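Peer 1: Taken in order, these protein sequences are the chains called X and D. To convert a position in the first sequence, counted from 1, into our numbering, add 8. To convert a position in the second sequence, counted from 1, into our numbering, add 107.
Note that these hints are calculated values from the structure, not bench results. Keep in mind it's a predicted model, so treat the numbers as computed, not measured. Glycine included, each C-beta is placed from N, C-alpha and C at the ideal position. Just so you know, not all the hints are guaranteed correct.
One-sided and incomplete, this derived list gives chain X residues near chain D with beta-carbon spacing under 10 Å [what the hints assert, rightly or not]: (1) 18; (2) 20; (3) 21; (4) 22; (5) 40; (6) 77; (7) 79; (8) 101; (9) 107; (10) 113; (11) 117.
Label pairs and their calculated CB-CB ranges [as the list claims (entries may be wrong)]: (12) X:26 - D:116: 45 to 51 Å; (13) X:65 - D:110: 22 to 28 Å; (14) X:30 - D:169: 30 to 36 Å; (15) X:65 - D:124: 45 to 51 Å.
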Amino acid sequence: QKEVEQNSGPLSVPEGAIASLNCTYSDRGSQSFFWYRQYSGKSPELIMFIYSNGDKEDGRFTAQLNKASQYVSLLIRDSQPSDSATYLCAVSGSSNTGKLIFGQGTTLQVKP
Amino acid sequence: EPEVTQTPSHQVTQMGQEVILRCVPISNHLYFYWYRQILGQKVEFLVSFYNNEISEKSEIFDDQFSVERPDGSNFTLKIRSTKLEDSAMYFCATGGRTNEKLFFGSGTQLSVL
Numbered sequence: 009q010k011e012v013e014q015n016s017g018p019l020s021v022p023e024g025a026i027a028s029l030n031c032t033y034s035d036r037g038s039q040s041f042f043w044y045r046q047y048s049g050k051s052p053e054l055i056m057f058i059y060s061n062g063d064k065e066d067g068r069f070t071a072q073l074n075k076a077s078q079y080v081s082l083l084i085r086d087s088q089p090s091d092s093a094t095y096l097c098a099v100s101g102s103s104n105t106g107k108l109i110f111g112q113g114t115t116l117q118v119k120p
Numbered sequence: 108e109p110e111v112t113q114t115p116s117h118q119v120t121q122m123g124q125e126v127i128l129r130c131v132p133i134s135n136h137l138y139f140y141w142y143r144q145i146l147g148q149k150v151e152f153l154v155s156f157y158n159n160e161i162s163e164k165s166e167i168f169d170d171q172f173s174v175e176r177p178d179g180s181n182f183t184l185k186i187r188s189t190k191l192e193d194s195a196m197y198f199c200a201t202g203g204r205t206n207e208k209l210f211f212g213s214g215t216q217l218s219v220l
């Protein structure tokens, strides 16, 4: 069973702090890694994707990938109350159909 | 910004009834998917569809489920005989020239009574 694991949280950080969200995956054949943000009752919204080992930065967001450790993380700098949401880690399967396997999500609370 | 449109936003049905959930993908997208999320649980893959055929399906996607793209624009999910455990939010997702980045619709909340 191919799994994606996340700490469900909640992770609570003060406004302006760095939030660090982590994810591990079991399928070594996975090629692509995604972070989605999901507000309560809404659909997942793609915020970052990463394919290669290392860091990828986009604005206040940095995704980090370590394929050897099967670990992917998301850093959110200067966290804002509007960042409060559930962050879903998703991993593409090795089947090349675009199927995504999602983690259960980490709930982030940014306190003013 | 182009978006994936789903209808209806809410569907209430009786157990054993058939439901059809509809999705209008982003124009020029080639890859289509259905996912579902039971309240408080993970987003789960149901089926992927490319070039007018199913490319992969999960164990959840049994004979009660079917998908089609009847007119080249809409993408539909049919559940022939709904069960209580089919109650969930159903998301359509589409991908462009590569199937790497998926964009999700706003979802259909299905309630089976």
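Peer 1: Next, verify each hint and record whether it holds.
Peer 2: The hints, checked one at a time:
| no. | hint | result |
| --- | --- | --- |
| 1 | 18 | violated (14 Å) |
| 2 | 20 | violated (20 Å) |
| 3 | 21 | violated (23 Å) |
| 4 | 22 | violated (27 Å) |
| 5 | 40 | holds (5 Å) |
| 6 | 77 | violated (22 Å) |
| 7 | 79 | violated (19 Å) |
| 8 | 101 | holds (8 Å) |
| 9 | 107 | holds (5 Å) |
| 10 | 113 | holds (7 Å) |
| 11 | 117 | violated (17 Å) |
| 12 | X:26 - D:116: 45 to 51 Å | violated (36 Å) |
| 13 | X:65 - D:110: 22 to 28 Å | holds (26 Å) |
| 14 | X:30 - D:169: 30 to 36 Å | holds (34 Å) |
| 15 | X:65 - D:124: 45 to 51 Å | holds (49 Å) |
Checked against the numbered hints above, the structure breaks hints 1, 2, 3, 4, 6, 7, 11, 12 and satisfies the rest.
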